[in-house]
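Student: Counting in our numbering, the final residue of the sequence shown is number 290, and the numbers go up one at a time with none missing.
Rather than coming from a laboratory, the hints here were simulated on the basis of the structure.
Please note that a few of the clues may not be correct.
Said to hold, decoys possible - Pair by pair, the computed Cβ-Cβ distance ranges are: (1) Asp152 with Gly48: 15 to 21 angstroms; (2) Glu268 with Lys180: 18 to 24 angstroms; (3) Arg249 with Asp38: 30 to 36 angstroms; (4) Glu193 with Met30: 39 to 45 angstroms; (5) Lys42 with Asn151: 53 to 59 angstroms; (6) Ser50 with Lys230: 46 to 52 angstroms; (7) Gly141 with Ser50: 49 to 55 angstroms; (8) Met37 with Asn81: 15 to 21 angstroms; (9) Glu175 with Arg249: 48 to 54 angstroms; (10) Ser50 with Gly124: 54 to 60 angstroms; (11) Glu210 with Gly237: 42 to 48 angstroms; (12) Gly141 with Thr70: 21 to 27 angstroms; (13) Glu242 with Asn81: 27 to 33 angstroms.
To be verified - Below, simulated DSSO-like cross-link-like pairs (lysine-lysine); rule was C-alpha separation at most 30 angstroms, straight line: (14) Lys132 with Lys32; (15) Lys42 with Lys32; (16) Lys265 with Lys230; (17) Lys42 with Lys57.
We treat Cβ as the ideally placed atom computed from N, Cα and C, and that holds for glycine.
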Amino acid sequence: QQQQQQEGGQGRKEGSKKPADKKAVVDAEMHKEAALMDRLKKKLLAQGPSCYSDFLKCLQLYVADVLTATELLVVLEDMMNAPAVRDVYEELKEMLGIREGSSAKYRTNIPMSEIDFTDCQSSGTSYRSLPKDYPLPLCSGRTELCDQVFNDEWVSVPSGSEDYNYTHYRKNQYEESLFKCEDDRFELDMLIETNASAIRVIEPLLEEAEKDRGRSARMNISSLRAINYKAIERVYGDHGQEIIEHVKRAPRVALNVVLPRLRHKDEEWRKARRDMNKIWREVYKDNYYK
């Protein structure tokens, strides 16, 4: 027990050092990048002011996601073909994560579905640690608190009916049925709750508008959020966007029409959930122990 306490204490100490180590790495990378940009500026200005100006324009396109890292280097190839700039150009390629002849498995950030998590650590059913050679993007805006609470190492990997692109996590037919059942329950619960949330926001708005009918000509709907507009749009289907425009243009009239529709849908979906619970219960009973 004493050994376990010592190991736990050692683990906590190592964990407390981790944010500081991360910050030091980020600071070192930022300093390295700043020094590289400074050297690039001097060498390009030596070739002519227009050369450095063109480089900044290309860099701006890369920052704005107009150009990818590979496309940026293709554009800069002719500009940095001079022997005096070539060594700095190679450093720029390395900074962008493009190393010619590199044997790293993950040279650039790729979709999660393309990562092989077979040999990675797991935490529960859904979480896997990223491979050690997976390149993490740097973040220069983090504080010490961010380093303590943000997660850079673990990702949620879909499984069951959601893992169509994750072939190394295939489930059998019984697990597929259970996962499909869970997905359906989640979707219906979210449908009901977002609809109920819109009702809870609209009801006090209409009550307040009724009290202020003689004093205010314009109804304040600033408390309606995007999720509430989405709930309204959902119940009206193809005419949803038109209804949203009416709500924004004449909220007092439109919301008095919308609220009964939302309440009707709330009752309808809750009844459907009660009926589906009987079916889902049978699915769990038939598949869980298999």
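Student: Falls inside 15 to 21 angstroms, the C-beta gap from Asp152 to Gly48?
Tutor: violated, 41 angstroms
Student: The hint says 39 to 45 angstroms between Glu193 and Met30; measuring C-beta to C-beta, is that right?
Tutor: At roughly 43 angstroms between Cβ atoms, Met30 and Glu193 fall inside 39 to 45 angstroms, so the hint holds.
Student: Please test the hint of 49 to 55 angstroms on the beta carbon pair from Gly141 and Ser50.
Tutor: Once the Cβ atoms are compared, 32 angstroms apart, the range 49 to 55 angstroms for Ser50 and Gly141 is violated.
Student: Taking 21 to 27 angstroms as the stated bounds, is the beta-carbon spacing between Gly141 and Thr70 within them?
Tutor: Holds, at about 26 angstroms.
Student: May I ask you to test the hint 30 to 36 angstroms on the CB atoms belonging to Arg249 and Asp38?
Tutor: Violated, at about 55 angstroms.
Student: If you check the beta carbons of Met37 and Asn81, does the distance land in 15 to 21 angstroms?
Tutor: holds, 19 angstroms
Student: Given the hinted pair Lys265 and Lys230, is their Cα-Cα distance within 30 angstroms?
Tutor: holds, 14 angstroms
Student: Would you say the C-beta atoms of Glu210 and Gly237 sit inside 42 to 48 angstroms of each other?
Tutor: Since Glu210 and Gly237 have Cβ atoms about 29 angstroms apart, the given range 42 to 48 angstroms is violated.
Student: Hinted pair, alpha-carbon criterion (30 angstroms max): Lys42, Lys57. Please report holds or violated.
Tutor: Holds, because 17 angstroms separates the two Cα atoms, which is no more than 30 angstroms.
Student: Do the Cβ positions of Lys42 and Asn151 conform to the proposed distance bound of 53 to 59 angstroms?
Tutor: violated, 39 angstroms
Student: Checking one constraint from the list: CA of Lys132 to CA of Lys32, max 30 angstroms. Satisfied?
Tutor: With a Cα-Cα distance of about 22 angstroms, the restraint between Lys132 and Lys32 holds, given a limit of 30 angstroms.
Student: Ser50 and Gly124, beta-carbon distance inside 54 to 60 angstroms?
Tutor: holds, 57 angstroms
In terms of the numbered hints stated before, the structure departs from hints 1, 3, 5, 7, 11, 13, listed from lowest to highest.
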